[in-house]
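Undergrad: Residue numbers (my numbering), protein chains in the order written: chain U, 141 to 593; chain F, 141 to 593.
None of the hints are false.
A pair counts as met if it fits within one copy or between any two copies, since identical chains are not told apart.
When the alpha-carbon atoms are kept at most 25 angstroms apart in a straight line, the in silico BS3-like pairs for lysine-lysine are as follows:
{"no.": "1", "residue 1": "146", "residue 2": "392"}
{"no.": "2", "residue 1": "566", "residue 2": "321"}
{"no.": "3", "residue 1": "421", "residue 2": "392"}
No wet-lab data here; the hints were simulated from the structure.
Number of protein chains: 2
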Amino acid sequence: MNTPTKILLDERDMPTRWYNIVPDLPAPPPPPLHPATHQPAVADDFAALFPRALIEQEMSTARFIDIPGAVLDVYRLWRPSPLFRAHRLEKLLDTPARIYYKYEGVSPAGSHKPNTAVPQVWYNAQEGVRRLTTETGAGQWGSSLAFACAQFGLECEIWQVAASYRAKPYRRTMMELWGGKVYSSPSDRTAFGCELLAGNPDHPGSLGIAISEAVMEAAADPQARYTLGSVLNHVLLHQTIIGEEALLQLAKVGETPDVLVACTGGGSNFGGLAFPFLREKLAGRIHTVIRAVEPAACPSLTKGEYRYDFGDTAGVTPLMKMHTLGHRFIPEPIHAGGLRYHGMAPLVSHVYALGLVEALAIGQSECFARAVQFARSEGIVPAPEPTHAIAAAVREALACRESGESKVILTALCGHGHLDLAAYEKYLRGEMVDLDLPAATIAEAMRAVPVIE
Amino acid sequence: MNTPTKILLDERDMPTRWYNIVPDLPAPPPPPLHPATHQPAVADDFAALFPRALIEQEMSTARFIDIPGAVLDVYRLWRPSPLFRAHRLEKLLDTPARIYYKYEGVSPAGSHKPNTAVPQVWYNAQEGVRRLTTETGAGQWGSSLAFACAQFGLECEIWQVAASYRAKPYRRTMMELWGGKVYSSPSDRTAFGCELLAGNPDHPGSLGIAISEAVMEAAADPQARYTLGSVLNHVLLHQTIIGEEALLQLAKVGETPDVLVACTGGGSNFGGLAFPFLREKLAGRIHTVIRAVEPAACPSLTKGEYRYDFGDTAGVTPLMKMHTLGHRFIPEPIHAGGLRYHGMAPLVSHVYALGLVEALAIGQSECFARAVQFARSEGIVPAPEPTHAIAAAVREALACRESGESKVILTALCGHGHLDLAAYEKYLRGEMVDLDLPAATIAEAMRAVPVIE
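Take the sequences, apply the hints, and build the full model.
TA: Next up, the structure:
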C-alpha cells in the first residue's frame, strides 16, 4: 500500500477559482430561450429570479471565476474534501485496477450540494436579498440551502416533494434545525399547488412541480429570489471545485485517471468532477474516458431527446436545450431521489451531444448490491445517488480483472446514505425492484415538449 | 483567522501506539473482583469472555502498547480525525476564548466507537474466534462492531435495548448492512431475557440487561467471545489515539488547552481524549483543567457512590470499583442513549476519586439549545451525547466573554447526529423535558449494590 488511503489537501492548497468550461468547448452551448417569445433569453429575463452576480456567471465566457473570500471561509468547514484510494474494495474485487473516489459526504449536509448553496446564498446576501426559496426532492439540496442560509442569516423556504416530505421526516428536521421552513409540495401556498391538490389531495408531488412553486413564490416577492441546486451553468461552475481538488490530489500521488465515472441527475455532481478533467483532455494533457451514469428508471441522456424543454412541470422557466424525457414526465419512485429529474444540465447535454463524454444507465438493484460491497469494504455507507457511480466503477474494475489491465478509475462518492437507510432496509429485505421504462411511456411524455422553430 | 479551520494530520503522522495511563498514576487503580469470591480477579476469570491479548491489555502496566499494522490499515479509512478550530461558533458567542473540537464523526459508524471495535475484532480473529456478541443502546457501538466484523470476516450478534430497537430502526439497518445480526433485548434467546419478557412482554430493556444477555450467550459458546464498547481499561486504552492525535494537532498550531471538557457515559470518549493530556499534566508540561460532563438524568460521577458494583443488571460480570448509581438503576429515556449507563469506567472513577479531574452534570434542554447554535454556526449536527460537551464548552466560553480571558478550550465532538434527528425534532417542537432524578431514587437503587468487606 504505497498510495495512502486518504489523499488530503491542506486548506492553503484549496483552489480559489471555479472553472467555466464554456470557452474551452469546440462549439458554444445553445442559449436558453424566453418561454413566451422563444428568443434567446437576456440577463433581464432572469432578474426576478436570480441576483445579478449569478446571472453574470450563468452567461459568462470567462475561463476562471474567483471564489469570494467569505465563501472560501465557509468551504473550509469541510473542504478540501478527501480523495480516497479504495484499497479494500480493490482487494474484495480482486482487481488490478486502482480505484479512487472523491468523497463529498464530509460536508455538513452530507453531499456536494453545499458547494453551490454557499455561494448562491452569499451572492444573494450581497445584493440585499433577505429571503430565498427552493425545491428539494430527497432533501439533500434543501438541507444544503438551509445550512448556507444559517451561515449568512437569510430566510430559507423549501418546497419538498410530498412523497419525500412524508417518507423522509428526518431530512425535514435537518432543514428546520438549520432554520429552514419546509412545505410539502404541492402546497396550498401557490395557485399551481392548490390546483393540483384540488385534483388529488394526496398528490405525491415531483421535483418539477416543487420547482414551479418555489419559482412562482420568489417571482411574486421583490425581496425574494429563487435558488436551484443543479442543472444551471452557475451551479455546475461552483461544483468544479470538486474536480479541481481531485486533479491536485491525483497529481500528489502521480496518477492520471484512465476512466472517470460519476452519477448524474440534474448534472451538477457529474459536471463538478468531470469538467476540469475534460479541460485537461481537450488540451491533450490526459486521455481519460469520461462517463456519466444515470438511473435506468430516469435515463434522460441515454433515452431522452436533445430538445428545448422547460426546467419545471408548469412551464414557467426559460426553455433550455437539453436531453429530456419531457417536462411532464414523472419518474418512478426509485430510491435515488436526487436523480429523479426529467432533464439534464444543458452543459452536460451539450458535451454529450458533442461526443466528448459517454453515458450509461444502471438499474437500482445492481447499484445497491455494489453499495453493500462498498460499505463492507470501505466502511462508508453511500447515498443512493452515487451507488450508480460505484456500480459503474465496479463494472470497470471487474473488466480489468478479466483483461489484466491496471486502469486508474476515478469516481465521485457525492454523499453519504445516513438519511437513506430505509432504502437499504428494502434492499436487505429483498424488496427492491428494478422499474422498467417502456419506450411508449417516453414517447408519450415527449408529446408535451414544445416544438421550437 | 490565522489558525486554520481544520488542523489535519497526515496518515504518516498517525500515532502508532496507544497510551496506558495506569503506570503514570500516583496510586494503582483498585482491581476487579471475582463476582462470587470477591477476591481480585485473575486473567483466567476473563478467559471465557475475552481473548488473551485483550485480557493482557486490561491488566497491563506498560505505558505504551503498539497498535497492530492491520488495525492501523483500517484506522486509515478515517484517521487521523480532524481537529477543528470553532471560528464561527466563537464569533456567534462573541467570546475571546479559542475553542477546538476533535471530531470523531468521520468514522464509518459516525462516532469514536470504531477506534476500539477494530482492534477488539482483530485480536479475537487472531485467536481463532469466529463469533462475537455485544449489546448496544443507541446503536453507535453495535454498528461500530458490525463494521469491524465486516472488515475481518467475523460473525457479529448484537443485543439492542428494546426501546432503541423500536425507536431507531435505521441504526439496526446500518448494523445489518455491515452484516450484523440484531436482536431486541430482552430477547427470547437467553434464559434471563425470557424471564424478563415473561414478566413484561413489552419490556423496554436497558444497557445492563443487554450486557447480561450478550455475556451469557458468549460464555455458552467456546467459539464465541464477548465485546464491550466502553468502561473497561482496554477500551479506554484504544480510545487514547484521540488524545494522542489532538496533542500533535494542537502542537502544530502552538496551542495548549486551558480547559478540556468531554462527555462521559461509560467513560471511553472522555478517557480517550483526556488521558494523554492528563499524562502531560502529571508530568508538569501543561496545566489543563480536565472536566467530565455527564447527563443530569444519569449522574454517576457527581451523584453516584464510589463502590464495587456489577457492570451488568443480572450481576454476572466481575465487580468493578466505580462511581455507580447501582447496577439495577434504569436511567430515564433521555436522548443521549450512549450516556445511559449506571456506572463509570473504573479508570475514570479512579482519576476522579484522586482529584485529578473534575465533573459536572448538565440537563438535556441546555445541551440541545447549544447543539442547535453549534449546528447553525459550525455546520455539523452533533450526536446527543457530545451536546453535553458542547454545552460545557459554551459555558466556559461565555465565562471568558464576561472575564475577558482568552482561554483555549478543547472538547470532543465524538459523533454526528444524523441518526438522532428524532431527538432534534422533539427539541424544535418544544417537547423536550429535563428529567429530575430525586436523591431518594438513587438511594433506593444503591440498596442492590453488594457490600464488599
